[in-house]
Amino acid sequence: MREFDLAVIGGGPAGMAAAVAAKKKGLDNIIIFERDNVLGGILNQCIHNGFGLHTFKEELTGPEYAERYADMVRELGIPVETGTMVLNISPDRVVTILSSGRGVEDIYARSVVLAMGCRERPRGALGIAGYRPQGIYTAGTAQHLINIDGIMPGKECVILGSGDIGLIMARRMTLEGAHVAAVFELMPYSGGLNRNIVQCLDDFGIPLKLSHTVIDIKGKEKLEGVVVAEVKDGKPIPGTEEYYPCDTLLLSCGLIPENELTRSCGIAIDPLKNGAVVDDRLQTSIPGVFACGNVLHVHDLVDHVSAEAAKAGESAAAFVRGGSAPEGRVIKLIPKNGVKYTVPNSFTAGSLDDEPHIRFRVTGIYKNAAVVIKCGEKELFRRKMRVMIPSEMQDLAVKKDVLAAADADLEIMTEGDIS
Amino acid sequence: MVDVTVIGAGVIGCAVARELTRYCLDVCVVEKETDVCEGTSKANSGIVHAGFDAKPGTLKAALNVKGCGMIPELARTLDFAYRNNEALVLCFDEAQLGGLRELYDRGIANGVEGLELLTPEQVREAEPALNDVAGALLARTSGIVCPFEMTIAFAENACDNGAVFRFDTTVKGITRDGSLYRILTDKGSFESRYIVNAAGVYADTIHNMVCEDKMKITPRRGEYYLLDKEVGNTVKRTIFQLPTKMGKGVLVTPTAHGNLMVGPSADNIDDKENTATTSGGLASVKERAGLSVSGIPFGKTITNFSGLRAVGETDDFIIKESAENFIDAAGIESPGLTSAPAIAGYIADIIVKKDGLHPRSDFIETRKGVKHFAALSREEQNELIRNDPAYGNIVCRCETVTEGEIRDAIDRTLGAKTLDGVKRRTRAGMGRCQAGFCTPKTMALIAEKYGIPLDSVRKN
Amino acid sequence: MTKELICICCPMGCGLTVEMNGSEVVSVTGNTCKRGDDYARQELTAPMRTVTTTVRTADGVSIPVKTKEPVPKDRIFDCVKDIKAANVTLPVRVGDVIAANVAGTGIDAVAARSV
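Chains as they are written, first to last, in our numbering: chain A, 1424 to 1842; chain B, 73 to 532; chain C, 841 to 955.
Hints were generated in silico from the structure; no laboratory data involved.
Each residue gets a CB set at the ideal place from its N, CA and C atoms; glycine is no exception.
Certain hints may be false.
Here are a few chain C residues that face chain A, going by a calculated C-beta distance under 7 Å [stated by the list, open to error]:
no.: 1; residue: Ile-848
no.: 2; residue: Pro-851
no.: 3; residue: Thr-857
no.: 4; residue: Thr-885
no.: 5; residue: Met-888
no.: 6; residue: Thr-894
no.: 7; residue: Pro-904
no.: 8; residue: Lys-906
no.: 9; residue: Pro-910
no.: 10; residue: Val-920
no.: 11; residue: Val-934
no.: 12; residue: Ala-952
Here are the computed lysine to aspartate or glutamate pairs in the EDC-like style, where the Cα-Cα straight-line distance is at most 16 Å [what the hints assert, rightly or not]:
no.: 13; chain 1: B; residue 1: Lys-489; chain 2: A; residue 2: Glu-1599
no.: 14; chain 1: C; residue 1: Lys-908; chain 2: C; residue 2: Glu-864
no.: 15; chain 1: A; residue 1: Lys-1645; chain 2: B; residue 2: Glu-105
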């Protein structure tokens, strides 16, 4: 059986950053398994700009960002096996891989970084009534068809969901000659970044209709149109129905971390974020198995993915070289009022970084509110936040001393009113 | 001129065609859609019913029980997914235990084996996820089948034995020309000695082209939820509800491939093409299924769909020679899927007797389906990859379907021409991402095979 | 006159308040960094955008392309048209010019991926 110090599952931005970081920490025997034929993951189809402002201090497109990391992987001599699907990971880190060149093979990894990314919520999971014709795509599938395969899914388009991919695809479809009638969003706020509303919708006069959803799909073989209605408390308001003829319906209604391997490995999943339960080293409930990027929790910015993944890679390196878990008390970090989830789920008091990051999302729109970390009644940390919205991940760097002061589990919460 | 024309390539038409190819007959199957299994056969519960439901003495009762007995062996010879997972009919009200007893007695009268009335304790032990019941009927011969695979298996085997399939061909009229029928289609006309009407919800249209006594088939729409395999083991058995004054219940069942399925609703409609789901229909399924299992994780739904049952006016299957050499297989509602092989035998008998035929000696009894990579042993998988590296490329990651399987599905007898065709033969795109990732790759493989541009590849 | 803008320079998407005197920008507030100030002044006088699209090579491969610098917003469609019309043959390196002086903007459109 082939043996590796670190097997990285997935060669997208998270996997590449983890491998690079582990290598820089002196780990030599690393392998990246990538199911596609090239490195880069979803970035390869994200041809728009806006990536890399934190990591590279310049604005890059997705493929450029991916290529920078792929170059690092190559320059550092990290082996990559593309066209390789990981079928299983056992709790003792035997990884079963499949490729046309090697068939089905078990390898042993002293550490594993999970970086499988996420998938899009499909139509079926949304429960939209109506027919199931040709012409309904998740935004990412349409993005692949247009940007990689070079074909247009249609000419007259409606977009449901205002996630960033949906907004980006509204512009992309428009630039490619299609007409985008509108973007509809079930929630009263956008699921994507404000800058994307400006440069992808406003620039092209595409309306964003909040508190609206598709309630019926017409056309038995080919999509003919959709019925849209305004919603209140999640229910369509009778009388507000409007018919939009279209041949394409794109769905950008949320992303789901792809944790099937994680689950079958027996790793504990945090239902609040649909990703593994991790400590501050991004180690999962199984020693030596780390998680990062969109498989851990869905990010909005690849720059955050790279930073998080680097931490996972460094932790894997430390695990392999140190062999055992760091000493110290485990302090749980529990999301409370207004905080949907956190990464990490816990800290180990004895091995804190100088400035551990806490990444989280809020459950509503907060303006001029604060994030507070408490230990029992004692307030350990407070930061004012001008704006926090559910679609933007928050990334707090907290001083080590603050957490080290904890003598019991921590609670993180917002303070202020939802606006 | 052909000997027998089967109108409709659903499970009944394909099973009949296969059965007829046992004899020296030229068999032609005419289908208005692009593929087999495009109507009722593709959107149903996939249950192999034990046969306690139908009234004793009816064709339904006899053919159901017979079909249920045939399917396990057919699943082996024709290589389609089948599991004998048993079924429970739940009774929630002690006052209705008599109804359960009636069902049991009916089953015995129909010749169903392995029936047993269970106590609430036995039910709880058998299926811990169920809500409290007053009692239940256990049907040990009940099973689940993949309806696509079963239909496709019949069709491929029929084709291997010489049946000719004409797709995208709609029957527009039928005339009698001496001892022959002339079948007029949108792709020209041809003559046939016999006609088997297996046109599903359109069986009345076909019947009325030939027969004096008019028939009416009402489409009864059933809407379903299909849930992620992650929760496929919520129940082990197929869970029915004893019909109450609140109406006929819905079932909760694992599928032959390990998903969880919940449904169907039952609404008579006018439009024979209307397979749309409705918010009302889905809501009622959800509500009524909650009676059996209150904790169904509907958040794990991966798709909804609806199908039309072809309901006749006689409360029984209509299988008979309705006019000279014109044989109806009409009103084949549930348990039509289970009964399909028995119906095929019944219809073949009519023709065989009239023509005094003997079986061919060169009939090919078996058929191998698309090899499902994920279901093979490690050794078999590696053997496959050594012979064809395409089996080492995963195309559908959710269902672990390889490029080799998709190529096989496209290249084989009556191969897939559309994304849905590939899906029903391989399960590529049937998983939790619902074809988000594999669509472009599958499209490319279809485009390559048929030499068409990528954007001409159809979903259905 | 006051105008409200959302800065598109980075994902923060700061809400900018711009005091105008006719077509002249008097002051910008709400920005967190210098770029917000620059953006508001630019956006209200001559808005600029980076254009990204794809071009198909003779071999039928899709290559991502971007304008090296932002171009006038009202020239976006002209740029896409020019890029689509470019003749590209493999191999392509990231940064290779695909369409020089795209749509007469003085800006080059370059490949965003090596193939």
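Here's how the hints hold up against the structure:
1. Ile-848: holds, 4 Å
2. Pro-851: Holds. Min distance 5 Å.
3. Thr-857: Result: violated, 14 Å to nearest chain A Cβ.
4. Thr-885: C/Thr-885 check fails; min Cβ-Cβ to chain A is 16 Å, beyond 7 Å.
5. Met-888: violated, 11 Å
6. Thr-894: holds, 6 Å
7. Pro-904: Holds - the Cβ of C/Pro-904 comes within 7 Å of chain A, reaching about 4 Å at its closest.
8. Lys-906: Hint on C/Lys-906: holds, closest Cβ of chain A at ~5 Å, below 7 Å.
9. Pro-910: Given a least distance of 9 Å, the restraint on C/Pro-910 is violated.
10. Val-920: holds, 5 Å
11. Val-934: holds, 6 Å
12. Ala-952: Status holds, d = 4 Å.
13. B/Lys-489 / A/Glu-1599: violated, 28 Å
14. C/Lys-908 / C/Glu-864: Violated, at roughly 28 Å.
15. A/Lys-1645 / B/Glu-105: Holds, because 14 Å separates the two Cα atoms, which is no more than 16 Å.
Of the numbered hints stated above, those contradicted by the structure are hints 3, 4, 5, 9, 13 and 14, listed in ascending order.
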